[in-house]
Amino acid sequence: MKILIIEDHKDLASNITDYLKKEDYVCEVASDAKEAIDKIELFEYDCILLDLMLPDGNGLDILKHIKNYAPGASVIIVSAKNSLDTKLTGLDDGADDYITKPFSLPELHSRIKAVLRRKTPEANRILSFNEIKIDLESKECRINNQLVNLTKKELNLLIYFINNQNRMLSKQAIASHLWGDYTYSIDNVDFVYQHLKNLRKKVIDAGGKDYLQTVYGLGYKWIDK
Numbered sequence: 013m014k015i016l017i018i019e020d021h022k023d024l025a026s027n028i029t030d031y032l033k034k035e036d037y038v039c040e041v042a043s044d045a046k047e048a049i050d051k052i053e054l055f056e057y058d059c060i061l062l063d064l065m066l067p068d069g070n071g072l073d074i075l076k077h078i079k080n081y082a083p084g085a086s087v088i089i090v091s092a093k094n095s096l097d098t099k100l101t102g103l104d105d106g107a108d109d110y111i112t113k114p115f116s117l118p119e120l121h122s123r124i125k126a127v128l129r130r131k132t133p134e135a136n137r138i139l140s141f142n143e144i145k146i147d148l149e150s151k152e153c154r155i156n157n158q159l160v161n162l163t164k165k166e167l168n169l170l171i172y173f174i175n176n177q178n179r180m181l182s183k184q185a186i187a188s189h190l191w192g193d194y195t196y197s198i199d200n201v202d203f204v205y206q207h208l209k210n211l212r213k214k215v216i217d218a219g220g221k222d223y224l225q226t227v228y229g230l231g232y233k234w235i236d237k
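Those letters in the sequence shown? Residues 13 to 237, by the numbering used here.
Source of the hints: derived by calculation from the structure; they are not laboratory data.
Here are the simulated SDA-like cross-link-like pairs (lysine to any residue), alpha carbons at most 20 Å apart as the crow flies:
#1 221 with 237
#2 183 with 234
#3 209 with 231
#4 165 with 182
#5 145 with 233
With beta-carbon atoms standing in for the labels, derived distance ranges:
#6 131 with 164: 16 to 24 Å
#7 100 with 205: 44 to 52 Å
#8 219 with 147: 14 to 22 Å
#9 77 with 221: 37 to 45 Å
Backbone N, C-alpha and C define an ideal beta-carbon position, used for all residues, glycine too.
Can you build the whole structure from these sequences, using the hints too?
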């Protein structure tokens, strides 16, 4: 799952990021309205944590932008404003939840899981691709009904490919999906190849087909053979 944290308080954004990464989320941070809007228009997120008070804009205006550009993303307002009117305005404008600062990180995580559950009906929690089935809640992958032991990165990579089948994905796009903002400072993303190699081997060893196609000089495709 990919999270965008729109928060100008660097220590709080860092604490949220560190906690959620340990829970297997990919996190990106925007510290002002302009950066937030740029990311919303360029990338897809499962959940957006939105501070209302930003140095260059109002979070409620960003919320409207989210609803136009990323209507599928869940939004949790994270704000020091505790007035009933502000909460009602945020929820009426399309936010899925509202949490007031200060808060505990476990509570924030529980709220993230809750809004994601509401957006993902039980019938849609199983991602299927031919002989491959992934339980998105338990994080279990089965190939030909046999449980396959994938690392967190391999599982996230497999989900990413299945959700983008037949699309060419560059190494930079794959790295950004798996590691978030960290990859912006990395010139060489060849380490992606090892994760691809390991995933391909585990799928084939479990009796699955080799769906991964290399597009030389450009990236990779997951194709239905």
